[in-house]
Amino acid sequence: MREGMSMSRLLTYAEKDTWIHRLCGVTKLIFFLAWSVIGMLTYDTRVLIVMLFTSLIIFKVSKTEWRQVGTIFKFILFFLCLNVITVFFFSPLEGTTIYGARTDIVHLFGNYWITKEQIFYEMNIVLKYFTVIPVVLMFIVTTNPSEFAASLNRIGISYKIGYAVAIALRYIPDVQSDFIKIKHAQEARGIEMSSKAKFHVRLRNMATIIFPLIFSSMERIDVVSNAMELRGFGKYKKRTWYSGKPLKRNDYFTIVFVLLFGSVAMIVTFYDGSRFYNPFR
Amino acid sequence: MKPIIEFKNYTFKYRSQTEPTLRDINLMIYPGEKVLIVGPSGSGKSTLAHCINGLVPFSFSGESEGSLIVKDQEPNKLGVFGMSKIVGTVLQDTDGQFIGLTVAEDIAFALENDMVEQNEMFRRVNEVAQTVDVKKLLKHAPAELSGGQKQRVSMAGVLIDDVDILVFDEPLANLDPATGKKAIDLIDKIQKEDKKTILIIEHRLEDVLYRDVDRIIVIGEGRVVADLEPDELLAGNILKEQGIREPLYIAALKQAGCVIRPESRPQHVDTMDLKDYSEQVREWFEASTLPAPKKSQETALEIMDLDFAYISGNPILSSIRFKIKKREMLSIVGKNGAGKTTLSNLICGFINPDKGSILLHGRDISEKSIKERGEIIGLVMQNPNQMISKPMIYDEVALGLTVRGVPEEEIKKRVYDTLKICGLYPFRNWPISALSFGQKKRVTIASILVMNPEVIILDEPTAGQDYYHYTEIMEFLKDLNKTFGITIIMITHDMHLMLEYTDRAIVIADGELIANDTPAKILTNEAIAEKAYLKKTSLYDLALQCGIEDVSGFAERFIYCEREIKMKTQEEIEEIDGSSNERGDVNV
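Read top to bottom, the protein sequences are chains C and D.
At position 109 of the first sequence the residue is numbered 109 (my numbering), and the sequence of numbers has no breaks.
Going from the second sequence to my numbering is simple: count from 1 and add 281.
In short, the hints are calculated from the structure, not lab data.
As the structure is a computational prediction, the values presented were derived from the model and not from experiment.
Glycine included, every Cβ here is placed at the ideal spot set by N, Cα and C.
The reader is advised that the hints may include incorrect statements.
Stated by the list, open to error - Far from chain D, some chain C residues (derived; all Cβ distances over 10 Å):
#1 K16
#2 I30
#3 F32
#4 V61
#5 K63
#6 W66
#7 I76
#8 G110
#9 M123
#10 K128
#11 F215
#12 T240
#13 Y242
#14 I267
#15 F276
Claimed, not checked - Derived DSS-like pairs (lysine-lysine); straight-line CA-CA distance at most 27 Å:
#16 K649(D) with K183(C)
#17 K60(C) with K420(D)
#18 K649(D) with K245(C)
#19 K16(C) with K417(D)
#20 K358(D) with K160(C)
#21 K352(D) with K235(C)
#22 K183(C) with K652(D)
#23 K198(C) with K671(D)
#24 K463(D) with K358(D)
#25 K63(C) with K671(D)
#26 K245(C) with K416(D)
#27 K420(D) with K245(C)
#28 K671(D) with K183(C)
#29 K366(D) with K183(C)
#30 K366(D) with K238(C)
#31 K366(D) with K237(C)
#32 K652(D) with K198(C)
Build the full structure now, drawing on both the sequences and the hints.
Structure (C-alpha cells):
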C-alpha cells in the first residue's frame, strides 16, 4: 500500500501556494494549449529562446521540485535524443534544404555529412521540446485534478468525460495497491515475476496478475457506478463543481498575455514568409 | 401514524432467476423508527433495501407484484434519481463508494449533480461534516483515511441531501470492533437528532444492538419470518432456526438452561434484569468442565524481534516476538492499520524486516525467496477474486504445481486429492465463474493446500459471510488443522471467530505486540481490548453480573460447550449424508 502511495506521488498534483497554483484550471489549460501550439508552429530561434526563458521562469515560480518530475523528464529526454538521431539519419541534409546553404563540417560515411545548417536545425527541434516540456509538467503538478475536470467542462467538453478523468485519477492508487497485493500472492504460488524468468515466460506470467486485477477492478466499477447513480450522477445536462474556481484578475491577465504573446510570436515568425529564422543568408 | 415505507403483498423476481427473491412481503415502517433487518445470505434482505432505494428495478431488472409505497411515492415509477432525494443508501464497501478525490468533494457529490451553487455547497458540506465529525479531514484524499472515517464520509454524502430515510447495507462489515461501535453510536445520534428513519441490514446482530433498535425484522427465504421488538425476538428461538447468530450472552444463558422472558429486557447485557437467571448460570458454570489444555508441542514458526519501517524513524512494527506451535490455530488481531497485514507480508517474504528473523522449525528462512517460502507458508487473500487467475477449477488448483514443473500424472493425483478434501471434487470440470463466493474461497484454499504447506495464513477468512457459511468455512479449516496437522494463522476482526476457533491470539496495537494469550483471557481484559480497538465479549459482563469471578474461565467453558454441540450436529449431518466423505454435496 505504501509502495503504491509513493509510486502515485510521481507526476501528480501537489498542493502548494504560488500564484500559479492559485490560477484557475481553465486558465492553465488555455495557456498550456496556446503555448504548445505556438511552440509547434514556430521554428524562429529568437521566439524559441524567449519562450524557453519564459518557461523556465514559470517552472521556477511554480516551485516544482525535481523529484516530482525527474523520472518523467528523463523519459522525455530519451525520446528527444531518439528523435534527433532519427531526423539526422532519415534526412541528413534537411537543414540545407531549409536554409538554402551548405557548410560542411565533417564527412561521416556515404551520403552522411554533418553540416552547420543541420546542427542549427536540430538545435531548433531541441529548443522546441524544451519550451514545451516545463509547461506541460508544470500544468500537471499544479492543477488539482477535480478542478481540471471542472475546467474541461467549462470549455465545453461534456462533464461525463471530465468526470471520467477525475475518477480514473481517484482509483489509480487503489488499483496500484491491488496490483501489488495480487503480484505478491501469485509470486508466493511460484509464479516468477523477477528477471530470473525468460522474457516470454514473464509475459505469460503477467497474465496471472492481469486477470485477477481485471476482475477485482470490475467489482470496483460495479460498486462505483451504483454509488454514483444513487447520488444522482447524470441526472441533468449540467452540474456544478465544488472545487471549480471563478476567473480572477490574474487569470484574465494570463490569458491576455498568452494570446498577445502568441500574436507577436506569429508576426515575428512569419514576417519574412517562412517559419524558419535563417542566419545563413 | 402513517407508515413511511409500506410493502403490501410485494413479490419480486430478478429477470435472471426463475424463483422470486422476495415473496409476499407485508411490512410497515413508521417515520423516525430504527429497524434492523437480519437474515442469512441470499435471504433477500439486500434486495429488500434495493427495492426501497430504486436500484431494483432500475439497475437490477425484474418483475414485481403487489405494491410498495415510500413516502407517498412508488419507487418503480420515481426512479433511482427521484428516490435519492428520499432515501440515502450507505453501501457496504467503504472504499469503493468513495467517489471524490477529497473528502469535501465526495460529500458534495450529490449537490454537484443537483447543480447547487458553489457557496451554498461550501455551507452545507461544512454543516454535514460537523455532524459526522470529519470537519478536520475535508481536504484529505481517501488513501489518507481509515475505514471508519471513510464510512463517516459516506454517511455525510447521503445526509447532505436531507433524505428522510437512511439505509445502511452491512455497515460493520469492514470495520474493527471498536470502530464498529462508534459507527453504531453515530447512526443512533443521527436518528435521534435529525429524526431520520433508519434501516440497518446486518448479520452481526450483537454489535448493532449496542444501541437500541425499535424493531428487528427477520427475513428467511424471501419472506418476513419475524417482525418483533428486540426483547421478544431474543427471548424466542427464531434467530437460531434461521441460522442467525444470537448474541453470545443470550446463547450462554440458553446454554445454562435459562428460559429468557422478554420482560427481563434482554436487548443489552448491561441493562438486562438477570436476577432470575444468575443462580442457574452459576450452577451451570460450577458443573461444567474444561478439558486439559493441549500439551505444548514443537514450535513451527518463531518470530524473533522483528522490526519494520517503510520510512526510517517511523516504525510500522517493532520488536515483534512470538512462537507458533505446530498444529496450532492462531489469530492475529488489532485495529485497522495496526500492522497485522505487514506482519503477514513479512512472514511470506513479500517485504524484508529491518531487524530480526523468522525461523521455521528452528531454521532461519530469511534467505528463501518468495517462491520458496510459498511452498511452506501459503497465503489465502481476503477476496478470492484477487487470487483466481484461471477460468477452470482444475487449472487454478494445479497452477502452483504446473509452474514448478511437477509431472502431469502427479499433478492430476494431487489436485484430485485436494479437491476431494475441499469438497470440490464434484465440480472439478466446472468453470470458476459458476461458483458462489464461498466456493471460490474454497478454490483459493485448495490452490494453496495442493502444495502441502506447513503453515496457512488466511486474511479475514469469513469476512462478509453469514453464520451458516462462516461455520462451514471454519469447520473446514479446523478439520484441515486436525486431520493434516497444518498450522493455521488467521488475521481477523471477528471476535467470535477468534474466541470460537483459535487456541491463542496475538494482539497488535500501534506496531507492538501487546498480548499473546488465549482469546478468552484477551477478550475479558478491558485494558487490552481498549488499546487494540477490540471489544470485550458480552460473556464478560454476563459472568460479572452473575457473580462469577473467573470471567475468562466462564468464557472458555461456554465456548468449549458450544464447540462440542456444533461438532455433534456436524457429525449427525454427515451421517445423514450417507457417511460418504464427499462434503462437496453441501452447497457452500
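We went through each hint and held it up to the structure:
Distance check for K16(C) against chain D: the nearest CB is about 13 Å away, which clears 10 Å, and the non-interface claim stands. With a least CB separation of 21 Å from chain D, I30(C) remains clear of the 10 Å interface cut-off, as annotated. Every Cβ of chain D is farther than 10 Å from the Cβ of F32(C); the closest lies at roughly 20 Å, confirming the non-interface assignment. With 10 Å as the threshold on Cβ separation, the claim that V61(C) sits away from chain D holds: the shortest Cβ distance comes to roughly 23 Å.
With a least beta-carbon separation of about 19 Å from chain D, K63(C) lies farther than 10 Å from that chain, consistent with its non-interface assignment. For W66(C), the shortest C-beta to C-beta distance to chain D comes to about 20 Å, beyond the 10 Å cut-off, and the non-interface label holds. Under the 10 Å C-beta cut-off, the non-interface status given to I76(C) relative to chain D holds; the minimum distance is some 26 Å. In this structure G110(C) is separated from chain D by more than 10 Å, as the shortest Cβ-Cβ distance comes to about 51 Å.
Separation of M123(C) from chain D is adequate, the least Cβ-Cβ distance of about 41 Å exceeding the 10 Å criterion. With a minimum CB-CB distance of about 33 Å to chain D, K128(C) clears the 10 Å threshold, and the non-interface call stands. Once the 10 Å rule is applied to beta carbons, F215(C) is inconsistent with being away from chain D; the minimum gap is 5 Å. Distance to chain D contradicts T240(C) as a non-interface residue, since its nearest Cβ pair spans about 5 Å, not more than 10 Å.
A beta-carbon of chain D is positioned within 10 Å of the beta-carbon of Y242(C); the least distance is around 4 Å. I267(C), annotated as away from the interface, keeps every beta carbon of chain D farther than 10 Å; the closest lies near 40 Å. The beta carbon of F276(C) is kept farther than 10 Å from every beta carbon of chain D, the shortest such distance being approximately 44 Å. A distance of roughly 17 Å separates the Cα atoms of K649(D) and K183(C); the hinted pair therefore holds under the 27 Å criterion.
Taking the CA atoms of K60(C) and K420(D), the gap is near 26 Å; set against the 27 Å cutoff, the hint holds. A C-alpha spacing of about 55 Å is found between K649(D) and K245(C), which places the hinted pair above 27 Å, so the restraint is violated. For the suggested pair K16(C) and K417(D), the alpha carbons sit about 19 Å apart, so the restraint of at most 27 Å is met. For a cut-off of 27 Å, the pair hint linking K358(D) to K160(C) stands: about 25 Å separates their Cα positions.
With a C-alpha separation of about 21 Å, the suggested pairing of K352(D) with K235(C) holds against the 27 Å cut-off. For the proposed pair K183(C) and K652(D), the alpha carbon gap of about 12 Å is at most 27 Å, so the pair holds. At roughly 21 Å between alpha-carbon atoms, K198(C) and K671(D) fall within 27 Å of each other, so this suggested pair holds. At most 27 Å may separate the alpha-carbon atoms for a hinted pair to count; K463(D) and K358(D) exceed this at roughly 37 Å.
For the hint pairing K63(C) with K671(D), the CA-to-CA distance comes to about 48 Å; that exceeds 27 Å, so the pair is violated. Our distance criterion of 27 Å between C-alpha atoms is met by K245(C) and K416(D), whose separation comes to about 21 Å. In summary, the hint linking K420(D) to K245(C) is supported, as the alpha carbons are separated by about 16 Å, within the 27 Å threshold. As the CA atoms of K671(D) and K183(C) are separated by approximately 15 Å, the hinted pair is consistent with the 27 Å bound.
At most 27 Å may separate the alpha-carbon atoms for a hinted pair to count; K366(D) and K183(C) exceed this at roughly 42 Å. Under the criterion of a C-alpha separation no larger than 27 Å, the hint pairing K366(D) with K238(C) is consistent with the structure, at around 18 Å. Between K366(D) and K237(C), the direct Cα distance comes to roughly 18 Å. Compliance with the 27 Å bound is thereby established for this hinted pair. For the suggested pair K652(D) and K198(C), the alpha carbons sit about 16 Å apart, so the restraint of at most 27 Å is met.
In this structure, the hints that do not hold are numbers 11, 12, 13, 18, 24, 25 and 29, in rising order.
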